[in-house]
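**Q** Use the sequences and the hints to build the structure in full.
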Amino acid sequence: MFHLLDIIGTLAFAMSGALTAMSKKMDAFGVFIIAFVTAVGGGTLRDVLIGRTPVGWMLDLEYVYVIAAAFVLAIVFRKKFDRLRTSLFLFDTIGLGVFTLIGLEKGIGVGLHPMICIALGTMTACFGGVIRDILCTEIPVIFRKEIYATICILGGIVFFALKKFNLNDDVLYLITSSVIISFRLMAVKFKWYLPTFESK
Amino acid sequence: MFHLLDIIGTLAFAMSGALTAMSKKMDAFGVFIIAFVTAVGGGTLRDVLIGRTPVGWMLDLEYVYVIAAAFVLAIVFRKKFDRLRTSLFLFDTIGLGVFTLIGLEKGIGVGLHPMICIALGTMTACFGGVIRDILCTEIPVIFRKEIYATICILGGIVFFALKKFNLNDDVLYLITSSVIISFRLMAVKFKWYLPTFESK
Amino acid sequence: MFHLLDIIGTLAFAMSGALTAMSKKMDAFGVFIIAFVTAVGGGTLRDVLIGRTPVGWMLDLEYVYVIAAAFVLAIVFRKKFDRLRTSLFLFDTIGLGVFTLIGLEKGIGVGLHPMICIALGTMTACFGGVIRDILCTEIPVIFRKEIYATICILGGIVFFALKKFNLNDDVLYLITSSVIISFRLMAVKFKWYLPTFESK
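Chains as they are written, first to last, in the numbering used here: chain X, 15 to 214; chain E, 15 to 214; chain G, 15 to 214.
Treat the hints with care, as some may be off.
Chain copies aren't distinguished; within one or between two, either way the pair holds.
[To be verified] Here are the computed lysine to any residue pairs in the SDA-like style, where the Cα-Cα straight-line distance is at most 20 Å:
1) K38 with C150
2) K178 with L126
3) K178 with L168
4) K93 with T210
5) K39 with I148
6) K93 with S213
7) K38 with V155
8) K159 with A42
9) K39 with K159
Keep in mind the hints are simulated off the structure, nothing from the lab.
**A** Structure representation (structure tokens):
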């Protein structure tokens, strides 16, 4: 089940990357690379920073296949994404929850402090999008308006707060990802934003 | 021989980086750094992702010397590059072939799947240019128009296809790099491009 | 003492990052991340390239706390930075000296060639700013006009030149950082710049 959600998230992230790249008029190689880094860039950065090398996708080709599928789907359905917008947004939100959990677990596995684990969870879920934006020479959208990373941080805090109660792992995962997913849905519905600061 | 070609490729990559940096009006430090990352950025990224650290150029100072020479040459001859354009393009193409082979071999050395080895070969040959473009805040040229990375991928496929026949390594290297070099020359001569996709 | 200077430098780097991010109209998360990478990005890149993982700030939370404090201070005092400009510049200059020394020492600790150690010192001191600029989609300022990295290189050369005399470490550190700090002050006062190159 968790594995299936990971695949759904990877697919959604890769498709969103492919769409961005197409809107930037990139060629097929560019579209593939942007799809790729959007999907696995956050996890790759995490792996590099904690020294887990070769990085994840080099050892588990399933990610490569899923991204290749997303690449093809994005090209074939590129003119029909208006109708798919809602599904894609839901999948993306699932990815947010699942990727955060994966990052949290990797940090715990290396024995890092909870605060660093939360940073790793957020990185896993959000920094693929940061790398995508940088490769498209845009200021990363999550630094400007989308309330996205903050929700991963919140999810991480909930995770460690609940962890003290010795909950079953499945329950812990379910609650954490539900918190992330529901807050993300509410943030979009109610247009929640983080403050910006007027400096002189 | 192979070693000599590696040096020629490094020189050409560094000079192309230096020229880009000068056209962006960077100062001497900026020109040096862009020359440096264009030449060794792809290999550095590869080393970091497979956990081969300290990365290559930190252990083999020859690269540093070659890049320093390229830096000086690029500054001295900066107004005469029109006449050198053809030589530089040839050297750059040699670099493409050699760097791809080096990346393939490093991947095999770590025991990775052929598909990942091909990704590493392409990364070694092409991602120095990606880092150069990002540091100059341009969308990477190989994502937009140059058919460049695709040829490295093709070379990698040829490499693994031939490897099954237990060819002598020298022959294998020669054929693979010849394929890459000749396809690159044809791509430029016949103006081959990858498709782009009009998304609505 | 050295430790205190490290903290002052981290604080200054993080505050300069936060100010840049605010001027780009980023939200609170963006401001925090830019503050973070400006302060520890150079050291993180260094750690990744030499294989010292998990990278420094993941094991020493003090950096995280100092950056969080800088983040709060930058937001609270964001309209009063004109008056703080001189102090901040001095702190930043102290950071330049201290971070260079830290990078030099890490390189020596891994047994790398002095030239590479100097590169690592410069990277530690200067590449947080490079990452900050890239995340703000600006061509890095140290590639264009600020004479900044060159002074770290000079400091590194002085360091290794003096090291031959078997000086006490404290004396060695004091002289090297004094050289860096005083040259930086002079560079700004006398408006020293590196040459740029007009290519046709």
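**Q** Please go over all the hints and tell whether each is borne out by the structure.
**A** For each hint, the structure was consulted:
1. When the C-alpha separation of K38 and C150 is checked against a cutoff of 20 Å, the pair qualifies both within a copy, at 7 Å, and between copies, at 17 Å.
2. In this homomeric assembly, K178 and L126 come within 20 Å of each other (Cα to Cα) only inside a single copy, at 16 Å, whereas the closest approach across copies is 39 Å.
3. In this assembly of identical chains, K178 and L168 lie within 20 Å of each other by CA distance solely inside one copy; the values are 16 Å within and 52 Å between copies.
4. In this assembly of identical chains, the alpha carbons of K93 and T210 lie at most 20 Å apart only when taken from different copies (14 Å versus 35 Å within one copy).
5. For a Cα distance limit of 20 Å, the shortest separation of K39 from I148 qualifies both inside one copy, at 16 Å, and across copies, at 17 Å.
6. For the identical chains of this complex, K93 and S213 are inter-copy neighbours only, at 6 Å across copies versus 41 Å inside a copy, given an alpha-carbon limit of 20 Å.
7. In this homomeric assembly, K38 and V155 come within 20 Å of each other (Cα to Cα) both inside a single copy, at 15 Å, and across copies, at 12 Å.
8. Proximity of K159 and A42 under a CA criterion of 20 Å is satisfied inter-copy only: 10 Å between copies versus 29 Å inside one chain copy.
9. With identical chains, the CA atoms of K39 and K159 are at most 20 Å apart between copies only, with a shortest distance of 10 Å across copies and 24 Å within one.
No hint from the list above goes unmet by this structure.
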